[in-house]
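So the protein sequences, as listed, match chains F and G.
Each residue of the first sequence is one higher than the one before, counting from 1 in the working numbering.
Each residue of the second sequence is one higher than the one before, counting from 547 in the working numbering.
FYI, nobody ran anything at the bench for these hints, they're computed from the structure.
Quick caveat: nothing in here was measured; it's all calculated off a predicted structure.
Any given hint might turn out to be false.
SDA-like cross-link-like pairs, simulated, lysine to any residue; straight-line CA separation at most 20 Å [as the list claims (entries may be wrong)]:
hint : chain 1 : residue 1 : chain 2 : residue 2
1    : G       : Lys687    : F       : Gly370
2    : G       : Lys687    : F       : Arg542
3    : G       : Lys729    : G       : Arg711
4    : G       : Lys729    : G       : Leu755
5    : G       : Lys604    : F       : Arg542
6    : G       : Lys687    : F       : His440
7    : G       : Lys687    : F       : His368
8    : G       : Lys687    : F       : His545
9    : G       : Lys667    : G       : Ala656
10   : G       : Lys604    : F       : His545
Take a look at the letters that make up each chain.
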Amino acid sequence: MLGPVIAGLYGTVLPAFGHLPAAGLTGPSLDPFRDLFDWGGLGAAVRLSVTTGVVATGLSLLIVSFIVAGWSGTRSFRVLERLLSPLLSVPHAAAAFGLAFLIVPSGWIARATSPWLTGWDRPPDLLIVQDPLGFAMVAGLVVKEVPFLLLMMIAAMGQAQPRRSILVAQALGYGRVTGWLKTVFPRVYAQIRLPVYVVIGYSMSVVDVAVILGPSTPPTLSVQIVKWMSDPDLAMRLTGAAAALLQFALVAGVLLAWWLGERVVAALGRRWIWSGRRGQMDAPGRIVGLAFGVLSAASILLGLASLAIWSFAARWSFPNVLPDGFTMRSWDRHGASAFATMGETFLIAGCAVGIALVLVLGCLEAEHRGDRQFGQKGLLLLYLPLLVPQTAFLPGLQTMLLTVGADMGRVPVIFAHLVFVLPYVFLSLGDPWRSWDARHATVAAALGASPWRVFWSVRVPMLTRPLLTVMAVGVAVSVGQYLATLLIGGGRVETLTTEAVALASGGDRRAIGVYGLLQTLAALVPFTMALVVPTLLWRNRRGLHE
Amino acid sequence: MNKGLTLRNVCILRAGNPLIEVDHHIAPGDVLTVMGPSGVGKSTLLAFITGTLPSVFKGMGQVVLDGEDITGLPPHRRQIGILFQDDLLFPHMSVGANLAFGMPSGGGRAARRVAIEDALKDVDLDGYADRDPATLSGGQKARVALARMLLSQPRALLLDEAFSRLDAELRAQVRDLVFRTAKSQQLPVLMVTHDAEDAAAAGGALVKLEALST
């Protein structure tokens with residue numbers, strides 16, 4: 001999967017230095033960078049990208065740490081754990097729309113508190129969503145990154161044996177939170193470092209969330225890059241490419257700074273451990289952790305509810321909490337084309353996930369038969385497409401496809417999705433696939449079963465549940481892709497995500513409700529199936545449900 | 547022609563250091579017991595014989611079964627049955643399907659069904675073919691695993707601590723059944739165990755493995 005990333009970066013570098021034969025321009029020249037630095041909004045755009053990305057990542061990591069420190073092993077934690085997969089599958093765009101519907105001046109929060117608390121009988125004239133400092137955007141990123149980092153942290157905890165460390169720490173007089181931070185966090189963080197870097201890279205260069213919740217004058221650097229890249233004037237692509245390189249450098253710089261920050265935090269942490277202080281933050285730490293966890297889960301769930309209600313709302317006057325009436329009008333108007341788009345969305349997701357599954361299973365099976373392990377370096381390679389900002393290599397890939405005259409249609413989009421689906425499929429299938437008891441394979445072979453027979457009639461059926469879950473993860477990743485669809489599809493491929501984001505500027509809440517809801521369903525239905533199908537299929541086989 | 551299982555100058559190395567050395571012939575119906583402290587590489591020896599030796603090890607010497615050198619054959623062509631301490635029944639198949647999986651293909655549906663019912667009868671599990679393996683007791687699972695292995699018509703039998711998960715009474719029962727069957731079918735048996743009682747019950751030759759290099 002390095003190919004498209006490298007090709008994309010190459011395709012970004014050439015036009016960034018003024019070389020774009022398709023537009024009759026040959027380089028090298030520094031004009032694109034000169035144009036870029038002449039753009040008045042550059043400073044603000046760069047600042048926004050950095051602050052929103054770093055603040056969103058830091059906040060998410062902090063929340064997740066306190067949730068896990070204070071609550072792992074308790075019943076509330078298990079409830080949260082069960083909510084995790086559905087929360088994770090909600091596409092960023094849908095979650096962002098939902099959040100917007102909650103916090104805008106005419107949103108649910110304002111309605112619920114008006115007029116008795118606020119005294120408003122009309123929506124106030126406040127700029128809450130798309131605020132110039134990007135607070136709304138940070139909130140939108142945090143609610144989606146908290147479930148992701150939580151899942152990664154839970155997976156990492158399995159290997160760190162936190163229970164024993166906590167028991168020892170508690171016997172030595174440490175509270176739960178302090179004990180966890182001092183004994184478990186350092187080990188767990190080492191495991192989730194790459195996912196954290198992915199979150200940084202993603203948050204700094206995200207486009208769909210920034211279009212919906214982020215400021216517009218100027219927008220974040222990534223949004224501006226997309227604007228330049230979709231400008232009918234081909235020369236604007238040069239500026240876009242230069243900006244994409246800048247974006248790449250920004251992410252690399254921030255990752256480096258974060259890495260240095262890790263050293264500083266580690267040094268401070270060691271000093272904290274040496275001090276032997278038992279800490280006073282246990283009770284407040286636990287409460288704050290849980291409050292933020294509940295808050296971020298609730299904002300996604302309530303946001304989705306508000307998307308659903310808007311899609312069925314007739315007139316809905318302020319400050320009523322519910323619409324004055326319900327109607328199918330929005331669904332009649334947008335339903336047919338939305339469902340057609342859903343079909344296209346599933347077609348692309350199905351192909352991308354199918355290809356990814358074949359590649360990943362082939363890789364894992366080769367690893368099993370040749371009994372080789374995938375090292376730390378391989379892991380880094382897998383993470384690379386997730387680490388390199390999308391806005392840095394997708395525009396280049398698009399330019400390159402244009403140059404070689406490839407058809408900007410469905411097939412390139414499928415392969416572009418594959419670049420992002422594959423790592424997630426590999427990462428989520430690797431653990432359950434490897435933890436399967438290989439003695440089953442030995443027994444089956446001793447019974448005379450060939451390697452392929454072992455694969456198809458023993459291993460795959462026994463791993464039905466993780467396989468289906470992984471497919472659901474893949475579909476959710478593909479459904480959520482915005483930039484890859486928009487740029488590589490050349491505007492000709494429409495999925496629920498591109499359609500929903502395109503509606504953002506129009507502000508038709510009922511249409512957004514329809515598309516946002518379907519987008520969520522498209523990601524959620526496969527997860528439900530991954531739960532239900534094995535239960536039905538293996539209803540008489542208790543051994544597969546433990 | 548030399549019937550039985552022969553380990554000819556078998557030596558297993560890890561990182562160039564010899565781990566175990568065995569040179570032994572097991573006649574049909576006989577049991578060779580291999581004992582030794584845990585970590586000495588008993589299971590590694592079995593992995594070499596079944597052809598599933600992890601690549602960190604290097605095996606030398608030959609495994610000869612009924613006069614045929616099978617050292618180079620892939621695991622599924624060796625016709626060597628193995629029982630582990632866990633039953634390792636396939637959880638997604640019924641008891642009967644587990645047996646059918648191991649049975650050589652061929653024969654009509656009905657004939658196969660009869661053979662499976664008979665095999666279950668031999669281990670006192672009459673009428674269990676349609677049961678979910680997860681609903682069986684530990685001793686019953688062990689017997690299904692034995693029946694499944696025998697139905698695959700192995701030419702030799704390996705036991706990897708096969709009785710260590712069973713409680714004392716059941717253990718003697720299952721062990722007797724396994725040895726009796728091996729004797730009556732004239733199978734050479736190689737048993738790996740750390741339990742002196744197992745060794746005594748087997749009554750055959752005994753090899754004690756020691757750590758050759760640490």
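We went through each hint and held it up to the structure:
no., hint, verdict
1, Lys687(G) x Gly370(F), "violated (31 Å)"
2, Lys687(G) x Arg542(F), "holds (14 Å)"
3, Lys729(G) x Arg711(G), "violated (23 Å)"
4, Lys729(G) x Leu755(G), "violated (25 Å)"
5, Lys604(G) x Arg542(F), "violated (39 Å)"
6, Lys687(G) x His440(F), "holds (15 Å)"
7, Lys687(G) x His368(F), "violated (27 Å)"
8, Lys687(G) x His545(F), "holds (18 Å)"
9, Lys667(G) x Ala656(G), "holds (16 Å)"
10, Lys604(G) x His545(F), "violated (38 Å)"
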